[in-house]
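Protein chains in written order, with the working numbering: chain R, 2 to 290; chain P, 802 to 1097.
Note that these hints are calculated values from the structure, not bench results.
Here a beta-carbon is modelled for each residue, glycine too, at the ideal position from N, C-alpha and C.
Incorrect hints may appear among the rest.
[Stated by the list, open to error] Between beta-carbon pairs, the in silico distance windows are:
1) R/N150 <-> P/G957: 36 to 42 Å
2) R/S199 <-> P/D849: 54 to 60 Å
3) R/F23 <-> P/P988: 22 to 28 Å
4) P/E854 <-> R/F119: 32 to 38 Å
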Amino acid sequence: MAFTRRKEKDESPKQPYTKSTFVVQIIMTILAALFLAPIFIVINYSFKTKKELYLNSPLSLPESFNFDNYKKAFDKLNMVTTFSNTLLYTVISVLILALLCGLTAWAIARCKHKFFKFCYIYFIVGILIPYQALFLPIYIIGFNLKLTNTGYGIIFMYIATTISFGVFLMTSFMSTVPLELEEAARIDGCSIIRTYFSVVFPLLKPAMATLIIMQSFQIWNDYLLASLYVSKKQLKTLTVAIQSLFSAQTSDYTTAMAAIVISVLPIAILFISLQKYFIKGMTVGAVKG
Amino acid sequence: MSGRKKTNWNKTMFKQYFLLVLPGLVIFTIGLIVPMLMAVRYSLTSWDGMTKEKPFVGFENYLSLFQDSDFLNAWWFTLKFTIGNTIIQNILALLFAVALDKGIKAQKLYRTAFFVPCLISSVIVGFVWLRMFSNVLPAINEALGTNINFLLFGDGDTVLSGLLIANNWQWIGYWMLIYLAGLQSIPAELYEAARVDGAGAIRRFINVTIPMLAPAITICIVGITTGSLKVYDLLVASTKGGPGRASTSIIYQTYTTAINGRQYGYGSAMSVTLVIVLLLVALIQVKELKSREVQA
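Extracted from the complex, chain R is given alone in its bound form (with noise of 0.2 Å):
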C-alpha cells in the first residue's frame, strides 16, 4: 500500500479547466443523473398511494409525502427481528472476523515455519473457491452440525466464507508493523498474546476498519447464505424478508418499494461516511506500490 495519491490541490494546476474538461464535466453529469435515476424512481413510488399507482403515470411525482408504505413495510418486513437480526450477525461475524484474520494473519507473517507458509497459500486459495457454487454441500454439512436455522450457525458460516479474503488483507498489512516494538514487548517478558494485543492490535486498526466496513457491505446484502441457512421468521435477515416481500406483493409494489428505501439507507449512510476505508480495501493491490 505504499503509493502517494497525487493530492487534488495540485491536481488543477497541472489540468487546466478547459473546454474539453467541459465536455466531459457534461457528459458526465447527464451519466450520473442516468445512473441516479432508478433510485430517484424508487424513491418516488415509495410515496404513492395505491390509487396513484395505477392511475398515475410512473414518472410522475406523488401528490403528497404519505408514510403509509413506510408503515406497511415496516410491519411486513418485520422489520424490528429482521433489522436487528441483520445487524446482530453482521457485526458479530465481522468481530469475530476481524479477531481471527488479525492473529492469523501475524502468525503468518512472524513465523517461519514451513507450516505457515502451507497455511497461507491454504487461506489463499479459499479466494478463489467460491462459496455461492457449494450452497450445496454447505447446506448438508450445516444441517448435519446442527447450525442451519440458528444465529450462530449462519455466523459460522459467514466467517468461514469471507476469512481467507481477511487473512490476504491482513498479511499484506502485516508489512507495515515494525518488529523492534514486538521484540521489545517480548524482551520485556510478554507472552504472545498480550504481545499482540498490546503492540500489534493497536497498529492494525486502519487495517482492520476497512476488512470490517468491506466484510460488513457483503454480508449485510448475503441471499444466498441466509436462504440456506434461516427459515424460522424469527431469525430471518432483512434480504430474505425483502425476497418474500417481492414475490408476495406483486401487483402493488409501493410497499416493496418502501421496504427498499429502509434496507438501503443504513448501509448508504455508513458507505458515505466512512468510504475513505471501503476504498482502500478494494484498491489493495490495484495499485503499484
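With chain R's structure known, arrange chain P on it following the hints.
Positioned in the frame of chain R, the structure of chain P alone reads:
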C-alpha cells in the same frame, strides 16, 4: 546444549503461534474446504438427499451432464453473461475513471453517484430493474410517443441485455473506483516525459496509462469474470431464470436440480464443474495478466 535449548524454544514458539492460527483454520476448513470435498464425493453418487446410503455411480453424473440440454443451456447463458459483463464493465469503468480523472469539478460527487448502486443487494437490484423495464420505462414511450421495446425481461432474446444493463448499473462504479485509484497513482512526470517525447493523447494513453494500470486491470478482469460466473442473486427477484429457461445461470440451474428436484448427487456434479471452471479461469487470467504486468 544451546542447540537443544533453541529447538525447545522454537517448539514452544511454534505451539503458541499454532494456537493463534488454529481457530481460523478449523472454521475455514469446516465451512469451505470440507464442503468442497463433500461436493466432489456426492458428485460420484446418485444420492437424492433423503436416503442413508449414497449409491456410488462413478463418473456417470458427469457423463450425463454433457447430454443434459438444460445444463448446457445454463452454461451457455452464464458464458454470454460473463463475456458481456467483462467487456462492457471493464471498458465503461475505465472510461468513467479516465473522465473523472480529467480534473472535472466535484469529482467526489460523481464518484459517489456511480458507486451507490453497488451498495444495494443484488436481489433488490433485480427487482428494481424488473419494475424499471415493465412499468417505468414504457411510460417514456407514452410520454414521447416513441415505440422502443423496454420489456427486456419478457422475451428470451432480450433478457440477456436486460440483465447486462442491471448488472452494469450495479457494478460499474465499483470497478471505476479501482481504476481511479490506479490512475491517481501514476506519477505525473511519466506523462510529462511522454509529452516531451512528442506523444499525443492517444499514444500517452496506450503507452503510459494502460501499462501503469496493469495491476488494476488484472483485478478488474478477474473480479468481473469470476463474479459474473457466479450470478444468482440478481435472477432471484427479476427473471427467476426465465422466460422459459433463457436466463437460467449455472448456479440457478444447480439450485433447481438439487433443492427442488432433489438430485443431490447430480447437482453436486454441476457445482464441481463450476468450481473447476472458476479456478481455471482465475488461474489462467492471473497468470496471463501478471506476465504482462512484468513486461510492462
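Indices of hints not satisfied (ascending): none
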